[in-house]
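Number of protein chains: 2
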Amino acid sequence: MKVQVLREILEFNNDLAAKNRSGFDEKHVFVLNIMSSPGAGKTTFLERTLKDEFLKDYRIGIIVGDIQTTLDAEKLEAYNVQIVQINTGVPCHLDGKMINNACKDLELDKIDILFIENVGNLVCPAEFRVGEHHKVVLLSVCEGDDKPLKYPLMFHESSLFIITKIDMLPYTDFDMEKVKQNALQINNRTDIINVSAKTGEGIKEWADWVKARRKDVFGS
Amino acid sequence: MKVQVLREILEFNNDLAAKNRSGFDEKHVFVLNIMSSPGAGKTTFLERTLKDEFLKDYRIGIIVGDIQTTLDAEKLEAYNVQIVQINTGVPCHLDGKMINNACKDLELDKIDILFIENVGNLVCPAEFRVGEHHKVVLLSVCEGDDKPLKYPLMFHESSLFIITKIDMLPYTDFDMEKVKQNALQINNRTDIINVSAKTGEGIKEWADWVKARRKDVFGS
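Quick mapping for you: the protein sequence lines, in order, are chains A and B.
Position one of the first sequence corresponds to residue 6 (the numbering used here), numbered consecutively onward.
Position one of the second sequence corresponds to residue 6 (the numbering used here), numbered consecutively onward.
Among the clues, some could well be false.
If several chains are the same, the list does not tell them apart, and a pair holds so long as it fits within one copy or across any two.
Heads up, simulated SDA-like pairs for lysine to any residue below, C-alpha to C-alpha not over 20 Å straight-line [what the hints assert, rightly or not]:
| no. | residue 1 | residue 2 |
| --- | --- | --- |
| 1 | Lys183 | Gln73 |
| 2 | Lys115 | Arg194 |
| 3 | Lys102 | Val10 |
| 4 | Lys183 | Glu79 |
| 5 | Lys80 | Thr177 |
| 6 | Lys183 | Leu76 |
| 7 | Lys115 | Ile65 |
| 8 | Lys216 | Gln73 |
| 9 | Lys80 | Asp180 |
| 10 | Lys61 | Phe17 |
| 11 | Lys203 | Leu174 |
| 12 | Lys80 | Leu154 |
| 13 | Lys216 | Glu31 |
| 14 | Lys115 | Ala83 |
| 15 | Lys185 | Leu76 |
| 16 | Lys209 | Glu31 |
| 17 | Lys115 | Lys185 |
| 18 | Lys183 | His33 |
| 19 | Lys102 | Leu11 |
| 20 | Lys80 | Val222 |
| 21 | Lys216 | Leu11 |
| 22 | Lys56 | Tyr176 |
| 23 | Lys203 | Thr177 |
| 24 | Lys203 | Met173 |
| 25 | Lys115 | Glu132 |
| 26 | Lys203 | Pro175 |
| 27 | Lys80 | Asp178 |
Just so you know, these hints were derived from the structure itself, not from any lab.
My request is simple: use the sequences and hints to build the entire structure.
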């Protein structure tokens with residue numbers, strides 16, 4: 006019974022996610038679902054993305070998911086973007102319904118790129134579509150190069166794997182080649198970008214990836 | 006309906022966990038449920054605990070939970086302890102039934118302390134009792150000092166909060182005082198220990214905590 010109910014929950018969510026996606030496509034909003042463990046640096050990475058302005062020709066929206074607190078949204082509010090904070094209370098992931106509700110507080114007509122910062126969790130968010138065009142997974146060099154093998158669904162579902170905090174590489178035993186091999190073993194179509202939100206390394210490459218993928222979908 | 010079913014799943018799990026706990030109490034096995042984000046250093050911390058031998062007068066057992074792979078159990082096999090690896094496949098946490106099954110592969114009569122290394126996830130494992138005497142949460146200084154506020158259930162449920170990788174403190178903007186304030190704001194009864202599995206700092210203090218808590222339960 007448990008399996009049956011969980012399947013129904015996922016199917017129900019997939020239907021809602023598909024409706025969200027139709028709405029995004031209609032309004033030409035390009036949507037990325039950004040996921041990672043707690044503390045991999047999602048918010049700092051988005052802050053640096055806004056600060057460096059490689060996407061300044063696009064109107065940005067951000068939905069921030071957390072179980073509790075508005076700390077992340079407060080950090081991002083300094084920039085000229087539309088922001089909605091979701092507090093899930095208990096659930097360990099965002100789902101289609103939460104994103105549908107959050108979009109009611111956004112002017113989608115005035116957004117070209119919507120970043121969804123999911124709850125910090127390397128497992129469950131990968132199971133719940135929210136209507137995104139692509140999933141993006143972040144992993145910091147502090148977390149260990151074995152993670153793609155240990156949390157395969159997340160890496161399998163993501164179109165882009167971003168290795169964060171590479172400025173801290175000298176202080177870890179993280180093996181960059183090994184983590185890439187591990188990620189490609191799980192998903193051989195994934196793109197991989199090395200990033201430091203501290204030094205700015207990789208931020209332009211990431212912005213170029215976003216522009217190119219948006220162009221794939223909307224032609225501009 | 007969804008909420009009702011989830012409540013039934015949790016109640017069913019609580020019953021199984023209570024049965025596990027009775028079995029552990031009967032055999033004088035002291036059980037700690039060790040939880041954290043992926044990459045906070047649970048396995049390395051347990052390796053150092055075994056290597057430093059502050060618990061050498063106790064017979065140790067370890068149950069290692071991962072979604073996939075036996076990498077963690079392989080690291081711990083070098084030490085003279087009983088080990089069982091659980092691969093959950095999909096579930097993002099261990100539960101009472103998984104621990105009950107795993108215990109069939111352990112000689113509990115020959116174990117004084119059982120460490121359960123949960124799946125790397127700062128959310129869901131806190132909701133599922135497994136029959137433990139105490140929950141222990143690890144957080145590395147690489148993850149950010151805001152995490153107790155953002156993932157409150159985990160910190161609320163844990164008797165001990167271990168701050169890991171403190172050797173990396175100089176390379177982060179992690180504020181030790183702030184994280185402690187945040188943790189105590191969520192749970193003012195929690196104990197807190199700073200640890201580096203690299204330098205060995207805090208490992209004796211942790212072993213002393215384990216011995217003292219075991220004595221609270223079994224008198225020796």
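Cross-check of the supplied hints:
no.	hint	result
1	Lys183 with Gln73	between (35 Å within a copy, 17 Å between copies)
2	Lys115 with Arg194	neither (32 Å within a copy, 48 Å between copies)
3	Lys102 with Val10	both (17 Å within a copy, 19 Å between copies)
4	Lys183 with Glu79	between (36 Å within a copy, 18 Å between copies)
5	Lys80 with Thr177	between (28 Å within a copy, 18 Å between copies)
6	Lys183 with Leu76	between (34 Å within a copy, 14 Å between copies)
7	Lys115 with Ile65	within (8 Å within a copy, 60 Å between copies)
8	Lys216 with Gln73	neither (32 Å within a copy, 34 Å between copies)
9	Lys80 with Asp180	between (31 Å within a copy, 17 Å between copies)
10	Lys61 with Phe17	neither (37 Å within a copy, 52 Å between copies)
11	Lys203 with Leu174	both (13 Å within a copy, 16 Å between copies)
12	Lys80 with Leu154	between (32 Å within a copy, 15 Å between copies)
13	Lys216 with Glu31	within (18 Å within a copy, 62 Å between copies)
14	Lys115 with Ala83	within (18 Å within a copy, 58 Å between copies)
15	Lys185 with Leu76	between (32 Å within a copy, 17 Å between copies)
16	Lys209 with Glu31	neither (28 Å within a copy, 61 Å between copies)
17	Lys115 with Lys185	neither (37 Å within a copy, 42 Å between copies)
18	Lys183 with His33	neither (38 Å within a copy, 42 Å between copies)
19	Lys102 with Leu11	both (16 Å within a copy, 18 Å between copies)
20	Lys80 with Val222	neither (30 Å within a copy, 45 Å between copies)
21	Lys216 with Leu11	neither (36 Å within a copy, 41 Å between copies)
22	Lys56 with Tyr176	neither (27 Å within a copy, 22 Å between copies)
23	Lys203 with Thr177	both (17 Å within a copy, 11 Å between copies)
24	Lys203 with Met173	both (10 Å within a copy, 16 Å between copies)
25	Lys115 with Glu132	neither (29 Å within a copy, 40 Å between copies)
26	Lys203 with Pro175	both (15 Å within a copy, 15 Å between copies)
27	Lys80 with Asp178	between (31 Å within a copy, 15 Å between copies)
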